[in-house]
Each structure stands twice: as structure tokens, then as C-alpha cells.
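Chemist: Sequence:
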Amino acid sequence: MSTMDRFSLEGRVAVVTGGTRGLGEGFAGALADAGASVLLVGRDEERGEVVARAMRERGLTADFLAADVTVPDDVTRMLEVVLDRFGRVDVLINNAGACVHAPALEVTDEDWRHVMDVNLDAVWRCARTFGRYFVDQRSGVVVNIGSMSGFVVNRPQWQPAYNASKAAVHHLTRSLAAEWGPHGVRVNALAPGYIKTDMSPVDEPRFRRHWIEDAPLERYGTVEELAPAIVFLASDASSFVTGSVLVADGGYTAF
Numbered sequence: 001m002s003t004m005d006r007f008s009l010e011g012r013v014a015v016v017t018g019g020t021r022g023l024g025e026g027f028a029g030a031l032a033d034a035g036a037s038v039l040l041v042g043r044d045e046e047r048g049e050v051v052a053r054a055m056r057e058r059g060l061t062a063d064f065l066a067a068d069v070t071v072p073d074d075v076t077r078m079l080e081v082v083l084d085r086f087g088r089v090d091v092l093i094n095n096a097g098a099c100v101h102a103p104a105l106e107v108t109d110e111d112w113r114h115v116m117d118v119n120l121d122a123v124w125r126c127a128r129t130f131g132r133y134f135v136d137q138r139s140g141v142v143v144n145i146g147s148m149s150g151f152v153v154n155r156p157q158w159q160p161a162y163n164a165s166k167a168a169v170h171h172l173t174r175s176l177a178a179e180w181g182p183h184g185v186r187v188n189a190l191a192p193g194y195i196k197t198d199m200s201p202v203d204e205p206r207f208r209r210h211w212i213e214d215a216p217l218e219r220y221g222t223v224e225e226l227a228p229a230i231v232f233l234a235s236d237a238s239s240f241v242t243g244s245v246l247v248a249d250g251g252y253t254a255f
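With my numbering, letter number 212 in the sequence shown gets 212, and the count goes up by one each step, no holes.
Be aware that one or more of the hints could be misleading.
Computed beta-carbon distance windows for the label pairs [unchecked claim]:
no. : residue 1 : residue 2 : range
1   : Arg132    : Asp198    : 33 to 39 Å
2   : Asp214    : Asp73     : 41 to 47 Å
3   : Ala254    : Asp203    : 17 to 23 Å
Keep in mind that the hints were calculated from the coordinates and are not lab data. Beta carbons are placed, not taken as given, at the ideal position from N, Cα and C, and that holds for glycine.
Work out the full structure: start from the sequences and follow the hints.
Modeler: See below:
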């Protein structure tokens with residue numbers, strides 16, 4: 001197998017949670033570009049169908065499932081549906097996320113629980129559901145979307161629940177990798193820095209001082225720059241990589 005062939009996902013099936021917009025949409029497109037059949041999962045059915053249809057119009061293999069990763073029965077259904085529609089599954093991208101920007105003393109119990117439900121509990125639930133299948137078939141890849149916020153405290157906005165959830169995701173990634181490695185299952189995380197999406201105001205002047213100027217590259221990243229890292233982690237190009245957290249932050253955490 002040539003070096004470039006190791007990046008191919010031909011014949012493989014991937015599930016992307018939070019796949020209807022932003023990073024998830026970009027990840028799904030990159031995986032499909034590399035040859036994978038992709039099931040996008042999200043709560044916005046109208047948007048999900050639009051994204052999946054646009055991918056199919058580009059000649060890619062994609063479908064959409066309306067599901068909520070915080071609902072256990074929906075997670076079980078995710079696995080059942082992908083096996084029914086595609087006959088197998090090889091890759092899980094745990095991308096769905098939530099954030100509350102508020103100082104610690106203003107974070108409500110409901111805020112905290114919501115962030116943890118989406119960012120940590122759902123990652124745990126999805127990883128275990130698909131991990132059981134992967135362990136049984138003795139192959140599979142899980143990629144959890146963490147954040148540089150799992151290493152640093154962001155400023156000027158405060159987001160303690162988000163930061164704690166992403167730090168937990170990173171260590172959960174290592175824990176699952178250690179357990180499942182002997183069964184042929186790899187588990188890694190991708191930790192993005194400030195990436196421009198419709199929901200992330202990275203180009204607002206009020207954030208430039210801390211978000212842009214504090215990074216060695218002195219700019220934000222794009223989904224198109226980040227998505228190839230997912231292909232690397234999902235493919236045989238990273239076949240000896242597990243338990244790792246790949247940071248893609250323009251050097252922000254170097255300081």
C-alpha cells in the first residue's frame with residue numbers, strides 16, 4: 001500500500017454526530033471525499049437532509065439520521081440504522097457539542113448539566129455503544145472532538161463547564177484507547193483551536209486581542225484546514241496512533 005493509499009477510506013462507513021453544520025459538516029464531507037459512506041446525525045432534520053443531499057449531488061455517499069445523542073435510545077438507534085443502511089460501520093466521530101459562556105458563579109446547575117450531557121455523557125454513551133460493536137469485529141476507529149480548551153482557560157470569555165468537559169473527553173479518550181487497543185480498536189481525539197464557523201465569532205474585533213494575536217500564526221483556522229486531520233485519524237495513515245490528542249490550534253497552546 002502506497003503512502004497516499006493509506007489515507008483512503010474506500011469501502012468504509014463513518015458516523016458523524018453533530019454532522020449537520022460547522023465542524024461536523026466539514027468532517028463528514030472530508031470523510032466522504034476520502035471514499036467513506038457517511039451517516040450524518042443531528043437534531044435539525046431539515047438542515048440534515050439539505051447537507052446529505054448536497055453531498056450526494058457531489059457524487060458522495062451520504063445519508064442523514066435525526067437523533068439526539070443525549071437520548072440513550074437514539075444512540076442505540078444510530079448503530080442499528082447505520083448497520084441497516086450500509087451493512088457495517090468502521091468509524092465514529094463524536095462531534096456534537098455545546099457551550100455556555102458565563103463566569104463560574106453565574107453558571108446554573110441546568111447550564112452545567114446541559115454541557116456535560118452533550119460534551120461528555122453523550123461521548124461516553126456513543127463510544128461505548130459503537131465500541132462494543134468495534135470490539136466484537138476487532139476493528140474500528142473512534143475520534144472524539146475535544147478542544148484546546150481542555151488544556152487552557154480561554155479568555156476573555158469564561159466557560160468553565162466547557163473547559164472541564166473537554167479535559168474529561170481527552171482523558172476518556174486515553175482510557176478507552178488503553179482498554180480497546182488489544183481488540184484492534186483505536187481511539188483518538190482532535191483538539192481544535194479557534195476555527196471559523198457560523199456559530200463561532202472568531203473574526204469579531206472584540207476577540208482579536210486574545211483569540212488571534214495570542215496565537216503564533218496570528219489568525220483563526222478554517223473547517224477546510226481542520227477536516228483533513230479527521231481523515232488522518234480515521235484512516236490507516238494513523239494505524240499506529242491511539243490514545244493521542246491531536247492539537248490543531250495555530251500554536252495557541254504553545255504559550
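Chemist: Taking the beta carbons of arginine 132 and aspartate 198, is their distance inside 33 to 39 Å?
Modeler: holds, 34 Å
Chemist: Between alanine 254 and aspartate 203, does the C-beta distance stay in 17 to 23 Å?
Modeler: holds, 22 Å
Chemist: How does the Cβ-Cβ distance of aspartate 214 and aspartate 73 compare with 41 to 47 Å: does it lie in that range?
Modeler: holds, 43 Å
In summary, the structure agrees with every hint in the numbered list given earlier.
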